[in-house]
Amino acid sequence: GAVVSQHPSWVICKSGTSVKIECRSLDFQATTMFWYRQFPKQSLMLMATSNEGSKATYEQGVEKDKFLINHASLTLSTLTVTSAHPEDSSFYICSATAARDRVDQPQHFGDGTRLSIL
Amino acid sequence: AQSVTQPDIHITVSEGASLELRCNYSYGATPYLFWYVQSPGQGLQLLLKYFSGDTLVQGIKGFEAEFKRSQSSFNLRKPSVHWSDAAEYFCAGAVVRTTDSWGKLQFGAGTQVVVTP
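Protein sequences, first through last, are from chains Z and W.
Count the first sequence with our numbering and you get residues 2 to 119, in order.
Count the second sequence with our numbering and you get residues 41 to 157, in order.
Careful, some of the hints might be misleading.
[Stated by the list, open to error] In silico DSS-like links for lysine-lysine, alpha-carbon gap of 27 Å or less:
| # | chain 1 | residue 1 | chain 2 | residue 2 |
| --- | --- | --- | --- | --- |
| 1 | W | LYS144 | Z | LYS67 |
| 2 | W | LYS101 | Z | LYS42 |
| 3 | W | LYS144 | Z | LYS56 |
| 4 | Z | LYS42 | W | LYS89 |
| 5 | Z | LYS67 | Z | LYS21 |
[What the hints assert, rightly or not] For each label pair, taking beta carbons as the anchor points, the in silico distance ranges come out as:
| # | chain 1 | residue 1 | chain 2 | residue 2 | range |
| --- | --- | --- | --- | --- | --- |
| 6 | W | ARG62 | Z | TRP11 | 28 to 36 Å |
| 7 | Z | LEU69 | W | ASP94 | 37 to 45 Å |
| 8 | W | ARG109 | Z | MET46 | 24 to 32 Å |
If you are wondering where the hints come from, they were derived from the structure by calculation, not from laboratory data.
Here a beta-carbon is modelled for each residue, glycine too, at the ideal position from N, C-alpha and C.
Take the sequences, apply the hints, and build the full model.
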């Protein structure tokens with residue numbers, strides 16, 4: 002149980018384009034989803050927290066207009082990297098939790114999306 | 041400041057030998073603590089978690105961790121390592137907010153485990 006699917010797993014695109022990454026909870030209702038960014042050989046850095054039906058809360062230093070997050074349903078959150086540039090290349094990971102139902106629910110992670118901007 | 045620290049960046053262990061990964065935490069209250077494993081190019085898989093109660097926690101894949109309040113530690117152990125255990129291991133902590141929703145999950149820097157034949 003507690004499966005989180007992230008799509009695509011790998012994307013390459015030209016500089017200036019926008020890229021959308023999807024994060025789906027397959028077998029539970031994800032009231033809260035998190036988006037992380039991970040640089041090579043480094044830990045995960047939280048970018049934003051999104052609650053279903055609410056605006057995302059961004060961490061300090063994360064550009065809201067660059068990284069658009071939508072959490073329109075209890076099973077889907079999307080991260081759109083707008084006007085992507087090479088410095089946005091990274092490994093993006095989402096996680097989901099059914100925190101409102103059970104406080105002891107841990108975060109369940111997707112397999113990540115490797116984004117490469119040429 | 042609230043934080044989780046993994047002192048060892050890299051550990052090499054022989055297959056069949058025991059493994060211990062260190063994790064120290066700094067929180068005002070007892071946090072919820074987790075160990076995750078990440079294989080190359082993949083997301084994180086939860087190995088085990090500690091919320092309260094028995095301080096020795098059993099997880100998947102033969103891993104266990106012991107919560108020691110006096111040492112502010114939550115070290116991960118495995119008695120006999122298999123080649124498939126080679127991966128990056130992350131310790132993480134979180135404090136539950138009063139609204140019964142999750143606070144931020146803070147990750148340690150990670151420990152890379154290499155398993156030699």
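Query - Hints violated by the structure (listed by number, smallest first) - result: none
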